[in-house]
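Student: One letter stands for each residue in the lines below.
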Amino acid sequence: AQKVTQAQTEISVVEKEDVTLDCVYETRDTTYYLFWYKQPPSGELVFLIRRNSFDEQNEISGRYSWNFQKSTSSFNFTITASQVVDSAVYFCALRLPNTDKLIFGTGTRLQVFP
Amino acid sequence: DGGITQSPKYLFRKEGQNVTLSCEQNLNHDAMYWYRQDPGQGLRLIYYSQIVNDFQKGDIAEGYSVSREKKESFPLTVTSAQKNPTAFYLCAIKDTGFNYGYTFGSGTRLTVV
Numbered sequence: 001a002q003k004v005t006q007a008q009t010e011i012s013v014v015e016k017e018d019v020t021l022d023c024v025y026e027t028r029d030t031t032y033y034l035f036w037y038k039q040p041p042s043g044e045l046v047f048l049i050r051r052n053s054f055d056e057q058n059e060i061s062g063r064y065s066w067n068f069q070k071s072t073s074s075f076n077f078t079i080t081a082s083q084v085v086d087s088a089v090y091f092c093a094l095r096l097p098n099t100d101k102l103i104f105g106t107g108t109r110l111q112v113f114p
Numbered sequence: 115d116g117g118i119t120q121s122p123k124y125l126f127r128k129e130g131q132n133v134t135l136s137c138e139q140n141l142n143h144d145a146m147y148w149y150r151q152d153p154g155q156g157l158r159l160i161y162y163s164q165i166v167n168d169f170q171k172g173d174i175a176e177g178y179s180v181s182r183e184k185k186e187s188f189p190l191t192v193t194s195a196q197k198n199p200t201a202f203y204l205c206a207i208k209d210t211g212f213n214y215g216y217t218f219g220s221g222t223r224l225t226v227v
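Those protein sequence lines, which keep their order, are chains A and B.
Residues in the first sequence are numbered consecutively from 1, following the working numbering.
Residues in the second sequence are numbered consecutively from 115, following the working numbering.
Next up, chain B with everything else stripped away, as it sits in the complex (with noise of 0.2 Å):
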């Protein structure tokens, strides 16, 4: 079945502990994004890639890393350095129709406990 997948569903995390999220597509697509949504402010960007072994920051990239070395995995590491990490994660690839927008996937919620 083609789509999105993130993994896990649910994840927490100790304070001072990293995380990878992550975050695998079967359509082919070369761009692929990270957002973050928090109760009461939408959707905000942290890192996208737009190829393989390229990715820029978003609005709040601070206290995450990316890795892009195949086109179909975009995991986030959410880094001890983010003070605030406790969110839900949305991936997301661009799409290429009519669309113009993005795809998203199902997403996971990051507990830190």
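Excised from the complex, chain A in its bound form (with noise of 0.2 Å):
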């Protein structure tokens, strides 16, 4: 069965603080796609970064950083120098090729302070 795993249900951290998201995955299959959206407070899931899984090159975007890692079945997410605008929902997610849904994870509130 597929799964997808984020442990930490709430994280706070004061601004300017790094802060790294953990995401665990399941699946049998060795094709499959790997992402990460952010959910602000307004509610709209926000694509951040999408991860084919035979690419395994890590990913920089300004702050933002993923770290894929398949040998422990994890793709973490790293925010460098957090800023309150960073404070939202994240949502690692997991799709098979020919299927049509995104298995999501439970999501990880981050809460940055000024």
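Since the hints were made in silico from the structure, they are not lab data.
Once the Cα atoms are required to be at most 25 Å apart in a straight line, the calculated SDA-like pairs of lysine to any residue come out as:
1) A:Lys38 <-> B:Leu125
2) B:Lys128 <-> B:Thr200
3) B:Lys208 <-> A:Arg50
4) B:Lys171 <-> A:Tyr33
5) B:Lys208 <-> A:Leu96
6) B:Lys171 <-> A:Gln2
7) A:Lys3 <-> B:Glu176
8) B:Lys171 <-> A:Glu44
9) A:Lys3 <-> B:Pro153
10) B:Lys184 <-> A:Glu44
11) B:Lys208 <-> A:Ser42
12) B:Lys208 <-> A:Phe54
13) B:Lys208 <-> A:Asp55
14) B:Lys185 <-> A:Phe47
15) B:Lys171 <-> A:Gly43
16) A:Lys3 <-> B:Gln155
17) A:Lys3 <-> B:Thr217
18) A:Lys38 <-> A:Asn76
19) B:Lys185 <-> A:Asn98
20) A:Lys70 <-> A:Thr80
21) B:Lys208 <-> A:Tyr33
22) A:Lys3 <-> B:Asp209
23) B:Lys171 <-> A:Thr5
Stretches of chain A that chain B covers, calculated by requiring three or more beta carbons in the stretch to come under 8 Å of a beta carbon on chain B:
24) 39-45
25) 97-108
C-beta atoms are modelled at their ideal positions from N, C-alpha and C, and glycine is treated no differently.
Grab the two chains, each in its own frame, and use the hints to assemble them into the complex.
Tutor: Structure (structure tokens):
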């Protein structure tokens, strides 16, 4: 069965701290896609990144970086020098090829205090 | 402006009533989806439609119904058979580009009073 686990329910940090959000996934398929979405208080889910299973390169986008490790089935998300605007719920998700749904983790609520 | 529009943003329903949530898109995408979000449970798929006049049940379809008469519209009806309808409902389309994921609407928060 496919599953996504985000063990951290809530994280609180002070502005400018670095923070890592963990994501562990389960699948027997060798081809799959992993995603991170941000859900600000407004409610809309905002796409952050997609990763293919055959591409283990880490990615950096400004203050955001992602560490994909197939050996540990993890796809962790790090925010460097966090800001108040980063406060949101962050979801990790898994999608298999030839299926039409995303399997979401339960989300991690990040609160960044000034 | 292109995108997905969900309405209303907030909706209140009395017990025993059916209520319909609207989802409209002008991005000309074929596939549309409805997800339900409950606190601490992430998002769960209710129904999806890959083409006009066709739709499939997701993981939690009981108590819900949908229609897809037009490409732009995928309304979700929460029926009285849904025992715990209070939740946040998100509509999405499947991206055909590099993303291979979904673009979501802004959601409808349904509360049973």
